[in-house]
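*Asks:* Residues in the sequence shown are numbered consecutively from 82, following the numbering used here.
Because the hints were derived from the structure by calculation, they are not lab data. Backbone N, C-alpha and C define an ideal beta-carbon position, used for all residues, glycine too. Keep in mind that the hints are not guaranteed to be accurate.
For each label pair, taking beta carbons as the anchor points, the in silico distance ranges come out as [to be verified]:
#, residue 1, residue 2, range
1, LEU313, GLU335, 22 to 28 Å
2, GLY470, GLU446, 21 to 27 Å
3, VAL476, LEU184, 53 to 59 Å
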Amino acid sequence: MVERGDAAPLLRWAEGPAVSPPQAPEPQAGGRGWGSGGGGRPAAEPARRRGPEELGASEVLLQPGRLELGDVEEDQVVAVFVVTFDPRSGNMVEWCLPQDIDLEGVEFKSMASGSHKIQSDFIHQLETPGHYSHLAAFYEDKKGVLHAGPGRGGSLPPVYWLPSIHRYMYPEMKITHPAGCMSQFIKFFGEQILILWKFALLRKRILIFSPPPVGVVCYRVYCCCCLANVSLPGIGGAIPESKPFFYVNVADIESLEVEVSYVACTTEKIFEEKRELYDVYVDNQNVKTHHGHLQPLLRINSADREKYRRLNEQRQMLLYSQELEDDYTPCEEDLFVLFFLEQNNRIFQTLLEVSASQDKTLTAEHARGMGLDPQGDRSFLMDLLEAYGIDVMLVIDNPCCP
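Starting from the given sequences, assemble the full structure and let the hints guide the process.
*Replies:* Given below as structure tokens:
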């Protein structure tokens, strides 16, 4: 099998089959998710400009509020911009279209710290700094045209980064990623994806550190978010949705201080010392937490190993079917998402059934039926019941206590 790289843009928005418009949630301006950035030059060298010739997640902005189906255009772009580093002024937006759009903070988001040490990332480098005619032509060709209506005046309102990648939020749109994105995530973390799965399901604040390039790490942010999908009605209403912030830096500290659930990555090592900003810190393949009550979740148990074995078994069957059928195009991303979706649904379906029973007693047999280890996952189950507000009495004995 030929392994594919991660050079493709992080997010590609495309129009999917027509569906009924969902009831859009209120726009969340308080916490803004940011795409990855990269590039830049040290102060001693000439500034290296960045231009989104082919826009990815960090460069495509969406208007806040409700979008009617007729408003959604394929390849809709509301702004293009060029960010540069000036030795005296620091990061700055050198050029943008339209000129009256609010791009506050984008100059910091589009250049990851340390990106002067690398040659490429998700951002795009201008071959001819100072010449923007090709970018202007790109914008004119791809810009989104919103139909005139109440509240849509001449000056564009401030834009916010899409607060969530949850595909059910905008069913008329779909997100695609480079082939091998999920496969590389599984290979990189191995059995530890089950540790990340538990933290993601508990809606913990997960921060992933990596030196630049930050592109492939943003894929890991997306994969972590896919671990916690639940399709059962009535689940998650009392718990905040985990926000994928992708790349964050010190400019985001104030915003992160008020967030209760997110997944993000950073290139700035100083974040490790700011423990009040995260619950789980991931450095390379080292997953750790400073919270004592979460320490038991760092241990892999027999049920975790069984789930990991089944996941790899299903992946091998998928690859085998791909080799047998030339006209069959399996999607490993769908397999990955569905595997954890079914696992999560099975857990919450059991918990809801037990909570609706007369004695509300959750036993070791129930835990095994959910694919969990009665002893090894006891702490995880207790945290899960508390986080989601499920009224169940856990009677699984703790072997450490008499």
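*Asks:* If a hint holds in the structure, say so; if it does not, say that too.
*Replies:* A quick look at each hint next to the structure:
no., hint, in the structure
1, LEU313 with GLU335: 22 to 28 Å, "violated (35 Å)"
2, GLY470 with GLU446: 21 to 27 Å, "holds (24 Å)"
3, VAL476 with LEU184: 53 to 59 Å, "holds (56 Å)"
Checked against the numbered hints above, the structure breaks only hint 1 and satisfies the rest.
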